[in-house]
Amino acid sequence: MLLKLAWKNIIKRPLSSGLSVVLLASSLMIILLAFLTMQQLEKKFNQNANKIDLVVGAKGSRLQLVLCNVFHVDNPTGNIKLSDVKFLSNHPFVKTYVPISLGDNYKSHRIVGTNQDFFKKLYKARLIQGKFFKKPYEVVLGYNAAIEMGLKQGDSFYSSHGIDASIHEHQDAKYYVVGLLDYSGEVIDNLILTSLESVWQVHSTDHQKGSFDLKYEKKHDHHHHNETIVNKDKEITALLINYNSPRAKFSLPGIINSKKQLMAAEPAIEIQQLLDLIQPGLKAVSILAWFIFGLAFFSMLMTMINSMKDRKYEIAMMRASGASPKLILISILTEGLLISFVGSVFGIVLGHTLMEIMGIYLTNHYHYQFSGFIFNSFELWLMLATLTTGFISAFFPAISAYNMDISKTLKKKT
Amino acid sequence: MILTKDLSISYGDKTINFPDLDVSTGNHLLILGRSGSGKTSLLNLLGGLVTPSSGYVTINQENIALLSNNKLDKFRGLHIGFVFQTPHFIKSLDVNDNLMLSQFLVGKRDQNHMDTLLEKVGLLNRKKEQLYKLSEGEKQRISIVRALINKPKIILADEPTSALDDHSCNIVIDLLKELSKENNAVLIIVTHDKRLKEKFEQFIDLDAA
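Protein chains in written order, with the numbering used here: chain A, 1 to 414; chain B, 1 to 209.
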């Protein structure tokens, strides 16, 4: 009955109650959105960054090197000669040594030339169908890549030049799907994996035929400037390394960076720096949202105070009908709690819905999974904070109703 | 049933003394007085809404001044029904829910009794109506139902007819008398409405006292 009374009192004032709910819900939505974005970004980044201790590539931006070769979102910094990094393959500090070579894509999924250590040692990926590639032009598809491309084992496709979707197709570079990988939630899900030889062959035949994509050339000329010697001195985009001992961290990057052609970047450090850049932005958004939250509190307080003014006769009447001051107090607090509860539920549902919608967009754009269906204990705290706000905004009107002089109130005629 | 002794109340340096009352079950009492004669104060004293400066009120041999605040609230809800000049209801609730709330406040639930009373005042078909759709006379009839909803021992009515025309006034007063008799409740009305004088055998004129 008390709940019903509180609810009816709220919907009796649809405008001011609505305003409070909208303000509460939108502030919670933004806070939650900023939080979820940061949390998922951090989680995804760290999850993938932790797989690889060190990336070795051509000189340029370290962050770019990491983004390109670990997360597969940015352009390569350039190519390096396989012979230049040969010394690392049996270096005592190196546990895993995985060269990768980028160059082509199919429907914007990158084709990564690499060796089997990529699955077996770095990502520990499992096949759900078929086998790992052996011969050139055999590919294994990541889970999402297979779904989005609509390809299955035994299918074939022509790749497109460049790492982003482009019009230019290698008409003679026909790939055959020989295996599909299981879902891992990591970046490998979005990749097309093949042998290094495939990538090398595609680009050497490309050169012989003289078919150049101008756009591609301009953007990615580093892939090509050494093509005449591609067979003599093979190139890769980067080398992914896992350390053998913790001490490697202190010496290996230094050794590599001292070489003119090479640069080493540690994903963990680069990602931390990137997150440090993003964080203040999201924090500013959160501060704005907390400000709206403050407005919501103010609006609720006003709603409650005004509503009490209108209802003092009702309350006096309830007192005369046997309601104790405590019951009146509880009924008004219930109202405040209820309205903040509705606001917080709306806010959290909206936040997750928007996150899911944004997630679909981000996933399409970055081949990077964001989800609105990840929940967190932070939300419980948000809800608790909101309910507290509702409680406080109802508290002052409730106290004045608690102390109301019934006989004086009833004596006044409306 | 209800008995008062040496009741008085002070507002600042003004003190109003009231004549002693003794009304037994099922009886009616009309208290007449002009504005400022203290008739509303008397009603508030009888209902335990204010505490007297001197004297006491006993209801069913219980001195209500000795009840704790909580007990007094409960006691009031169970044994006293109020009818005021302006009937106040919870605006957000319909007729039915307003009456149910009054039962809820004393921990009762008796839909039959509610319907019977609504039937008696001729408003059973308006049960699901919002209160602002009712006329003043109809509202006052609903407030009579509310006063009787928990089968109280005493009905205290403060100017129940002053805002009503002659026709409604008659209906309301007759209902008050009839229903309190049926429910074995004492009916005490305070008013300046001289129209009511002829309808009661017993009356006290505070102006004369």
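In case anyone wonders, no lab produced these hints; they're calculated from the structure. Note that the structure is predicted; figures quoted are calculated from it, not measured. Certain hints may be false.
Below are the EDC-like pairs computed for lysine to aspartate or glutamate, each with C-alpha atoms no more than 20 Å apart in a straight line [to be verified]: (1) 152/A with 138/A; (2) 4/A with 193/B; (3) 120/A with 186/A; (4) 133/B with 310/A; (5) 81/A with 233/A; (6) 134/A with 155/A; (7) 174/A with 197/A; (8) 177/B with 13/B; (9) 71/B with 405/A; (10) 43/A with 276/A; (11) 12/A with 276/A; (12) 4/A with 136/B; (13) 12/A with 13/B; (14) 4/A with 22/B; (15) 139/B with 276/A; (16) 8/A with 22/B; (17) 153/B with 94/B; (18) 91/B with 266/A; (19) 59/A with 266/A; (20) 8/A with 13/B; (21) 181/B with 165/B; (22) 121/A with 266/A; (23) 8/A with 129/B; (24) 411/A with 97/B; (25) 408/A with 201/B; (26) 74/B with 310/A; (27) 312/A with 110/B; (28) 120/A with 138/A; (29) 174/A with 148/A; (30) 12/A with 94/B; (31) 312/A with 193/B; (32) 12/A with 97/B; (33) 4/A with 13/B; (34) 411/A with 193/B.
If you want the footprint, here are the derived chain A segments under chain B, 3+ residues with CB under 8 Å [as the list claims (entries may be wrong)]: (35) 4-11; (36) 64-75; (37) 310-318.
C-beta: ideal position from N, C-alpha, C; glycine also.
Going down the list of hints, with the structure as the test:
1. 152/A with 138/A: Holds, at roughly 13 Å.
2. 4/A with 193/B: Roughly 39 Å separates the two Cα atoms, so the pair is violated.
3. 120/A with 186/A: 15 Å, holds
4. 133/B with 310/A: 18 Å, holds
5. 81/A with 233/A: Between residue 81/A and residue 233/A the Cα gap is close to 7 Å, so the pair holds against 20 Å.
6. 134/A with 155/A: Measuring from Cα to Cα gives roughly 16 Å; hence the hint holds.
7. 174/A with 197/A: The given pair, whose Cα atoms are some 14 Å apart, holds under the 20 Å limit.
8. 177/B with 13/B: Not OK: residue 177/B and residue 13/B at ~37 Å, beyond 20 Å, violated.
9. 71/B with 405/A: Cα-Cα ~17 Å, so holds.
10. 43/A with 276/A: Since the Cα atoms of residue 43/A and residue 276/A sit roughly 14 Å apart, the hinted pair holds (cutoff 20 Å).
11. 12/A with 276/A: Judged against 20 Å, a Cα distance of about 48 Å means the pair is violated.
12. 4/A with 136/B: At roughly 26 Å apart (the allowed maximum being 20 Å), residue 136/B and residue 4/A break the hint.
13. 12/A with 13/B: 44 Å, violated
14. 4/A with 22/B: 41 Å, violated
15. 139/B with 276/A: Given that 20 Å is the threshold and the Cα spacing comes to 67 Å, the pair is violated.
16. 8/A with 22/B: Measuring from Cα to Cα gives roughly 43 Å; hence the hint is violated.
17. 153/B with 94/B: Violated, at about 26 Å.
18. 91/B with 266/A: With Cα atoms ~67 Å apart, residue 91/B and residue 266/A exceed 20 Å; violated.
19. 59/A with 266/A: 14 Å, holds
20. 8/A with 13/B: 45 Å, violated
21. 181/B with 165/B: Roughly 24 Å between the alpha carbons, so the hint for residue 181/B and residue 165/B is violated.
22. 121/A with 266/A: 18 Å, holds
23. 8/A with 129/B: With a Cα-Cα distance of about 14 Å, the restraint between residue 8/A and residue 129/B holds, given a limit of 20 Å.
24. 411/A with 97/B: Measuring from Cα to Cα gives roughly 25 Å; hence the hint is violated.
25. 408/A with 201/B: 31 Å, violated
26. 74/B with 310/A: Violated: residue 74/B and residue 310/A sit about 25 Å apart, past 20 Å.
27. 312/A with 110/B: Distance of about 27 Å is beyond 20 Å: violated.
28. 120/A with 138/A: It holds: about 17 Å lies between the C-alpha atoms, which stays within 20 Å.
29. 174/A with 148/A: Cα-Cα ~19 Å, so holds.
30. 12/A with 94/B: 11 Å, holds
31. 312/A with 193/B: 27 Å, violated
32. 12/A with 97/B: 14 Å, holds
33. 4/A with 13/B: 46 Å, violated
34. 411/A with 193/B: Judged against 20 Å, a Cα distance of about 17 Å means the pair holds.
35. 4-11: holds (count 5)
36. 64-75: violated (count 0)
37. 310-318: That given contact holds, which follows from 7 residues of the segment 310-318 of chain A lying within Cβ reach (below 8 Å) of chain B.
Hints 2, 8, 11, 12, 13, 14, 15, 16, 17, 18, 20, 21, 24, 25, 26, 27, 31, 33, 36 from the list above are not met by this structure, while the remaining hints are.
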